[in-house]
Amino acid sequence: MAAPALILFGFFAIVPLFGVAALSLVHWDGLGEISWAGFDNWKAAAADPVSRNALWLTVKLTVLCVLFQAPVSLLLGVFLAGAQRYRALLATLFFLPLLFSSAAVAITFTALLDPNFGAGTALDAEWLSQNWLGDPDLALYVVVFVIGWCFIPFHTLIYQAGTRQIPRELYEASRMDGAGPVAQFFHITLPMLKYTIVTSTTLMTVGSLTYFDLIFVLTGGGPGNATRVLPLDMYLTGFRSYEMGKASVLALVLVVVGLAVSLGLNRITGASRMDSRSEA
Amino acid sequence: MKLGTRRRTLLALGASAPIVAAASACGNEPGGPSGDGATAWGLTGGAEEAMRASFEAWNADNPDNEITAEYFANDAYKEKIRTAVGSGNAPTLIFGWAGATLAEYVANDSVVDLTEDTAALMDRVLPSVAATGTIDDKVYAVPNNQSQPIVMYYNNDVLEAAGTQQPTTWSELLASIEALKGSDVIPIALAGQSVWPELMWIEYLSDRVGGAECFNRVIAGEAGAWSHPDMLRAAQMITELVDAGAFGDSFASVVADAGADHALVSTNKAGMILQGSWIYPEFLTNAPDLVAKGGLLFSTFPVVEDGKGDPSSIVGNPANFWSVSADAAEEDQQTATDYLSEAIYDDEHIESLLSIGAVPPVVGIEDKIAAADNAEFLTLNYEMVRDAANFQLSWDQALPADQAQELLNNLSTLFLGEQTAEEFCAAMDATL
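These protein sequence lines are chains G and S, in that order. Residue numbering for the first sequence is 1 to 280, as defined by my numbering. Residue numbering for the second sequence is 1 to 432, as defined by my numbering.
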């Protein structure tokens, strides 16, 4: 039964992966002869300050994304899980960003954040007319915000569903014991959402590691190298500098880091034992 | 740097999804060497209309030797053509920018020598443009559309309000910047986020300070070419401009793709802009009143006093070019060279280019230009190219891709003030 899936996976994931591994050991500019490089590309990538900075930025971006998205989507999800009418209405509005393409979102935000013609000028709000995407100290945080804007709705949806599955009896019992909404949140909702949190956080982490299109359109990696995260560095090295060997090294690093992080998260949080709970 | 189709980052996304692995497998495109008719890959946007018209006319006249043309977005094309040429699957007619890529094609024997077949045509092409398609005295690329030099545009209303006028020298430029700052506008609009508009500044400044040799040393790969005193001076002048607030304090957030740079000039928020001749139509659309009353001025780049450069020298895109693939079947190569020698810049082609405001780099068309719409601007455009001592191809095309990327990277940090001029030059020396 698993054969078709395995064949597809092997053909579209495993085979190209070996192709990339092979490419990482050669010099190739996409045009001329392919020549053997040994580990030159690996050494070059390890010594390149731009790539090292890209790796660091990727870690930073991932941590910031999780720190920003997780609490907001948790709170929004719990809030929207309530049965009130107005919450259903709000939920519909909140989920709208899920429908938009990343490229369109990025172009719209570029226009909104334009220091001369953006939202600041339109609303006559001086503080909105900052050098948002042009200040190397600010650009990464703006990127984190825009990514959050795109993905918080998705995670909110997960939390909303998770919260609705918590048995009502638990809340009723705790109310009899005199627990208020805050105590209920910390002693019932949060513990019961443990596995939802694991799932959502894993998705956020792996997603942020490989995040590309929105940043590409929003900043192109700039200003300077301030938002040149690893996936972007890989693309620019491969398809702008035509250093296919070095770009393949970066691609492999991404694969290994992505796998390690998601496996690690699974281990630490015990998500691999998740099925035991569903039987309870 | 690219003719009108530069503004296509979005479309590039269509081709950006495949990871590096895909590159190894994407050589098998149509247009192979089977001899089943000549093919051509062109670009959408820009002078696409004129190119389509030219092929249609050729196919109508030569039903036995038709050329099948396909059109791609700029960035998607650049990624595709490289692997196609590298794997021997290039179209018969290869669209390009000349420069380093053409030199690589020649070094790999991917394109054929066109010197003999196109001699008559190349005699009619303006010398500064013809030189771009020539390597070691042999013609490998023939221009196929318009010349697009980089031009200084001025909003005279803004200049007058600040009590200054169109600068013709470096010191006048600095004085104008001070005056414009005093009247609370951005002196010079610059799309720093896109980075490539920043190239235009160092291209012109290094030429005015050190002449064409300044960059030719880089092209020749001479050690220390970037830290030559003339190049260093040009980099220092950029730092001076940034420190003087010439570009305002948020230029790094301004994107050229959306036209947010020239919009500053159209809306009286900035006094001047250095940009390609391809943005002129945008002024006609966005600031018709300003253009109508003669408030939009344009000229070549100011002279640097004591500089070694010839003030007639220009930078930009001499044109786009056709090369003929060496991997194509012989009869298809013949069709392609016949097309180049007979149809490029024939009367019909010149007319269709002029009708979309594009100036072909051909000798003796002054009268035709004078009769066209916007004759004043088109004439300046034509005369700049005709009289240029040197027409330097944009550096990001002239340099090999890896060096060009390093340049864009280092230049953006120079403009941001994260690197000094000396650090910029040292970092670039390391790429030689």
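The set of hints was computed from the structure by calculation and includes no laboratory data. All residues carry an ideal CB built from backbone N, CA and C; glycine is no exception. Do not take every clue at face value.
[Claimed, not checked] Here are a few chain G residues that face chain S, going by a calculated C-beta distance under 10 Å: (1) ILE107; (2) THR219; (3) GLY264.
[What the hints assert, rightly or not] Over 12 Å on every C-beta distance to chain S, these chain G residues come out as not near it, computed from the model: (4) TRP28; (5) ASP40; (6) VAL50; (7) TRP56; (8) THR92; (9) LEU113; (10) PHE117; (11) ASP177; (12) LYS194; (13) VAL217; (14) GLY222; (15) PRO223; (16) GLY224; (17) LYS246; (18) VAL261.
Hint check:
1. ILE107: Because about 7 Å separates G/ILE107 from the closest Cβ in chain S, which is inside the 10 Å limit, the hint holds.
2. THR219: Check passed: Cβ of G/THR219 comes within 7 Å of chain S, closer than 10 Å.
3. GLY264: Result: violated, 23 Å to nearest chain S Cβ.
4. TRP28: 9 Å, violated
5. ASP40: Holds, because the least Cβ-Cβ distance between G/ASP40 and chain S comes to about 14 Å, which exceeds 12 Å.
6. VAL50: 7 Å, violated
7. TRP56: 16 Å, holds
8. THR92: 28 Å, holds
9. LEU113: 7 Å, violated
10. PHE117: 6 Å, violated
11. ASP177: Consistent with the label, G/ASP177 stays out of reach of chain S, its closest Cβ about 54 Å off (over 12 Å).
12. LYS194: 34 Å, holds
13. VAL217: Its Cβ does come within 12 Å of chain S, the nearest being 6 Å, so this is violated.
14. GLY222: 6 Å, violated
15. PRO223: The claim breaks: G/PRO223 does not keep its Cβ more than 12 Å from every Cβ of chain S (closest is about 4 Å).
16. GLY224: 4 Å, violated
17. LYS246: 9 Å, violated
18. VAL261: 18 Å, holds
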